[in-house]
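Following the hints, put chain B in place on chain A, whose structure we already have.
If you read the protein sequences in the order shown, they are chains A and B. Sequential numbering of the first sequence, starting at 443, is according to the working numbering. Sequential numbering of the second sequence, starting at 465, is according to the working numbering.
Think of the hints as simulated: they come from the structure by calculation, not from any bench. Fair warning: there could be bad hints in the mix.
[Stated by the list, open to error] With a cut-off of at most 16 angstroms between alpha-carbon atoms, the simulated EDC-like pairs for lysine to aspartate or glutamate come out as follows: (1) K492/B <-> D615/B; (2) K640/B <-> D664/B; (3) K754/B <-> D771/B; (4) K633/A <-> D569/B; (5) K646/B <-> D615/B; (6) K694/B <-> D627/B; (7) K539/B <-> E729/A; (8) K544/B <-> E613/B; (9) K518/B <-> E729/A; (10) K637/A <-> D562/B; (11) K539/B <-> D562/B; (12) K491/B <-> D664/B.
[Unchecked claim] Away from chain A, derived, C-beta distances all over 10 angstroms, residues of chain B: (13) V530; (14) R591; (15) A678; (16) P756.
In this text, a Cβ means the ideal position worked out from N, Cα and C, and glycines have one as well.
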Amino acid sequence: MIKLAGNSRDFFKIENKRWILISFFLALFLLLPILIIFLKIFVDKGDSFKYLLDNFLVEYSINTLYLVLLTSFFSLIIGILPAWIVSLYKFPGRTFYDIVLFLPLAIPSYIMAFTYSDILSYTGPLQSFFRKYFNELYPFFNRDYLQIEILGLILAFALSPYIYSVSRVSFSMIGSTYINISKNLGLSSFKIFYKIIIPLSTPAIFSGLFLVIMEVLNEYGAVKYFGVNTYTTGIFRSWFSMGDIDSAIQLASVLLILVFALFFIDKIFNLRSKFNYKSNTDTNYLELLHKNKIIFAHITCFTPFLFGFFFPFVFILNNSFKSLKSTDFNHLLDLTLNTLFICLSASIIIIFLATFFQYSEKLTKNKLSNLINKLISLGYAIPGAVVALGLIIIFTTFNNYFNSVYLIGSFFLLIYALVIRFLAVGKSPIKSSLEKHPQSFDETAVNLGLGPLKLFQKIHFPINRTALGIAFILTFIDLMKELPITLILRPFNFDTLATQTYEFAVEEMLTQSSIYSLIIILIGSFMLLILRNFINKNTNVS
Amino acid sequence: MYLDINNLVKSYKKGSPLIKKLNFSVKKGEIISFIGESGSGKTTLLKCIAGLEKINDGQIILNSLVLNDDRVFIKPQKRKIGFIFQDYPLFPHLSLIDNITFNLDKSFLKNLPYMLNLTGLENLVSRFPHQLSGGEQQRACIARSLIREPDLLLMDEPFSNLDSSIKGSMIDEIYKILKQTKTTTILVTHDINDSLNISDRILVFKAGVLQQYADPVKIYCEPVNCYCAKVLGGLNKIVVNGKVSYIRPENIRVVKKSSFKVLVEKCYFQGRDFKVKGSIENEPCFFTSKNPLKINSFINIDFDSNDLMFFDSLCESFFQ
Numbered sequence: 443m444i445k446l447a448g449n450s451r452d453f454f455k456i457e458n459k460r461w462i463l464i465s466f467f468l469a470l471f472l473l474l475p476i477l478i479i480f481l482k483i484f485v486d487k488g489d490s491f492k493y494l495l496d497n498f499l500v501e502y503s504i505n506t507l508y509l510v511l512l513t514s515f516f517s518l519i520i521g522i523l524p525a526w527i528v529s530l531y532k533f534p535g536r537t538f539y540d541i542v543l544f545l546p547l548a549i550p551s552y553i554m555a556f557t558y559s560d561i562l563s564y565t566g567p568l569q570s571f572f573r574k575y576f577n578e579l580y581p582f583f584n585r586d587y588l589q590i591e592i593l594g595l596i597l598a599f600a601l602s603p604y605i606y607s608v609s610r611v612s613f614s615m616i617g618s619t620y621i622n623i624s625k626n627l628g629l630s631s632f633k634i635f636y637k638i639i640i641p642l643s644t645p646a647i648f649s650g651l652f653l654v655i656m657e658v659l660n661e662y663g664a665v666k667y668f669g670v671n672t673y674t675t676g677i678f679r680s681w682f683s684m685g686d687i688d689s690a691i692q693l694a695s696v697l698l699i700l701v702f703a704l705f706f707i708d709k710i711f712n713l714r715s716k717f718n719y720k721s722n723t724d725t726n727y728l729e730l731l732h733k734n735k736i737i738f739a740h741i742t743c744f745t746p747f748l749f750g751f752f753f754p755f756v757f758i759l760n761n762s763f764k765s766l767k768s769t770d771f772n773h774l775l776d777l778t779l780n781t782l783f784i785c786l787s788a789s790i791i792i793i794f795l796a797t798f799f800q801y802s803e804k805l806t807k808n809k810l811s812n813l814i815n816k817l818i819s820l821g822y823a824i825p826g827a828v829v830a831l832g833l834i835i836i837f838t839t840f841n842n843y844f845n846s847v848y849l850i851g852s853f854f855l856l857i858y859a860l861v862i863r864f865l866a867v868g869k870s871p872i873k874s875s876l877e878k879h880p881q882s883f884d885e886t887a888v889n890l891g892l893g894p895l896k897l898f899q900k901i902h903f904p905i906n907r908t909a910l911g912i913a914f915i916l917t918f919i920d921l922m923k924e925l926p927i928t929l930i931l932r933p934f935n936f937d938t939l940a941t942q943t944y945e946f947a948v949e950e951m952l953t954q955s956s957i958y959s960l961i962i963i964l965i966g967s968f969m970l971l972i973l974r975n976f977i978n979k980n981t982n983v984s
Numbered sequence: 465m466y467l468d469i470n471n472l473v474k475s476y477k478k479g480s481p482l483i484k485k486l487n488f489s490v491k492k493g494e495i496i497s498f499i500g501e502s503g504s505g506k507t508t509l510l511k512c513i514a515g516l517e518k519i520n521d522g523q524i525i526l527n528s529l530v531l532n533d534d535r536v537f538i539k540p541q542k543r544k545i546g547f548i549f550q551d552y553p554l555f556p557h558l559s560l561i562d563n564i565t566f567n568l569d570k571s572f573l574k575n576l577p578y579m580l581n582l583t584g585l586e587n588l589v590s591r592f593p594h595q596l597s598g599g600e601q602q603r604a605c606i607a608r609s610l611i612r613e614p615d616l617l618l619m620d621e622p623f624s625n626l627d628s629s630i631k632g633s634m635i636d637e638i639y640k641i642l643k644q645t646k647t648t649t650i651l652v653t654h655d656i657n658d659s660l661n662i663s664d665r666i667l668v669f670k671a672g673v674l675q676q677y678a679d680p681v682k683i684y685c686e687p688v689n690c691y692c693a694k695v696l697g698g699l700n701k702i703v704v705n706g707k708v709s710y711i712r713p714e715n716i717r718v719v720k721k722s723s724f725k726v727l728v729e730k731c732y733f734q735g736r737d738f739k740v741k742g743s744i745e746n747e748p749c750f751f752t753s754k755n756p757l758k759i760n761s762f763i764n765i766d767f768d769s770n771d772l773m774f775f776d777s778l779c780e781s782f783f784q
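Here chain A stands alone, though its shape is the one from the complex:
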């Protein structure tokens, strides 16, 4: 008996090593481009960096930071206030808002920026309306709207659902006890909001804000269109316009330092999250909103939907009808299929890898596995342009040995980059779902004779199916909106809905770009509505 037990322990040790080893090499493969850029930080920066420092770096830094601050400020307001009202109060229209406030996520921020620049332009509906009906007010509206402040606001409308969704879940899970005790201690509703609800939800809000900041740092289409020079546009400019790959690398490494700093701050906030969702508190029942506050609730909830989804959607829809005759539907179908092909392939690989990494950590309960899982999430924090640049450096460097330069511009490299960048998106729901189930499930199954693969097939796959579904939808939506990686790494003559939208937009052919945007928005909205149902069922959000 003793011998058998010893053998079985050995078996699990070997089995664990095998899982850790595979995880390690897979993670190394995925982290390689980031590692290459990271190492460049320590390399002698030479003349190109000095030139960059003297001429552009200050401007890029100021613009990037200013845009991040503006977008963060606006998205916090646009995201938190509706979440507070929808999570804690009952009023007519609440269910409608709870559905539609997620929808701006379906519109990629660059499409939102193109659309608003069209709406606000000299020939757009706003200026035309005032010229026609309120001529005396017209001079006030006749101005250049392509300003960084307007861009910040537009990006906030596009990205605020990241903050809305995390705040919504967090506010609902605070429960009734803290709210009741606050009332009992004499706090008004507003004081309860900023003295209790906000501090308790700070880690969640910051994780949403972190995503917003990452998206702003990664943004290319919108900032380029508005003529705002940020790090990301700088990387494109140095590389494609000036042919200076060294400057592009230096800029990417500066951006990487910034991202690491943000990642570190996020970790500190997450450390505080241990108090966040205390389980000792009952579900909070929605409070009936007083009649004179209902108007405030409607304004607060309707504004993000109106500007974040309704206006751009109606405008794009209208433009799509206008351009219907000139639309090449075969081309549209091709691009839709291309987009679906890329998104589906990358999503499936991401879900497979994310499940493998998470399951490996659960199985081995090893510190190295835990570290690997943390590191592979880094990709989401790195702008797409940096990931693409890292891959190109690797594949040109190893060209002498593997003739690898031919892989640049292949589907392999495009999907490789997309997997690196979006692996964290797919990993997050799988991680929380796997962590929810007790260790005794595994122990019982092993005791009943199941090996690791059978354990996954018979136990973990069925009980984590919903999480896998959520992970797939989240990844798919993000992939569909992705632009910089596809622009840099797509195969020759290969377009997606996103790249076609961008190309028409930069050529000032916004009407022609609309139908491509519309398809992205419709697919995204459909997926988001499914996702919203999944999430509400899983978190029992009231």
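Positioned in the frame of chain A, the structure of chain B alone reads:
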């Protein structure tokens, strides 16, 4: 009276009130316990008194001020009522001292040293809730409520999450604090011993209706119906001279000769004595014995006829 509850009705669904026309009063400085089964409306009643729920009918008067009736509803923020919730909800982002002084009117700050001393928390003021034990968290909740000198203190199952090892000392401590501060208190509990130990009066609640409201001794020894009798302790049904009577297990003695013979079915050792389960004329019967008894043997029991209780013949089926 200090607190008057008159004809209080509370319902969540139309036509099925959770609390039906409840009437009772509390004197200043009294400690009252509410006893009843889960879902009987005990916590809801506390929430109505605190203003966290509105009543459907009736009246709540505290210290001569109407808190809630069909015209008046004073917001929970404006009522001077302390509420200690079941799970000691200290705000996790605030230190102990910040929790105790949270939203505290400056005029009450003078009470802080006394409260910290009374609750023995002087050395823990800078700690955060997750750095405190269950007992310390509970004392902090009590300090947070008492520092405001509430007109009334409501405690909802305050001892339910405490280890039995510290529970007894906590109850003693809280009793001392409440009596020292002369705080009128309503305690909701389903632990009868907590209630008997600490209360001046006990209110038994069943199906939304007040069953009995009396001091612990009276309610234990002279329950008005078999529900009140059962809820406060063990009860045996026994037929004496052809009349159905009830008796507490501790009032039964094992004797050598008697007209009441019990068939011993089980005998459990419980430390200081043995708990015996048997049957007398096919009715189950529980009592204690100093010595172990042989299973399936017949033994004789006796009791003092003054300890017998009599209820309405329909009482038992009514409360089933």
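Checked hints:
no., hint, in the structure
1, K492/B <-> D615/B, "9 angstroms, holds"
2, K640/B <-> D664/B, "13 angstroms, holds"
3, K754/B <-> D771/B, "20 angstroms, violated"
4, K633/A <-> D569/B, "15 angstroms, holds"
5, K646/B <-> D615/B, "10 angstroms, holds"
6, K694/B <-> D627/B, "25 angstroms, violated"
7, K539/B <-> E729/A, "14 angstroms, holds"
8, K544/B <-> E613/B, "8 angstroms, holds"
9, K518/B <-> E729/A, "12 angstroms, holds"
10, K637/A <-> D562/B, "12 angstroms, holds"
11, K539/B <-> D562/B, "24 angstroms, violated"
12, K491/B <-> D664/B, "10 angstroms, holds"
13, V530, "19 angstroms, holds"
14, R591, "13 angstroms, holds"
15, A678, "29 angstroms, holds"
16, P756, "39 angstroms, holds"
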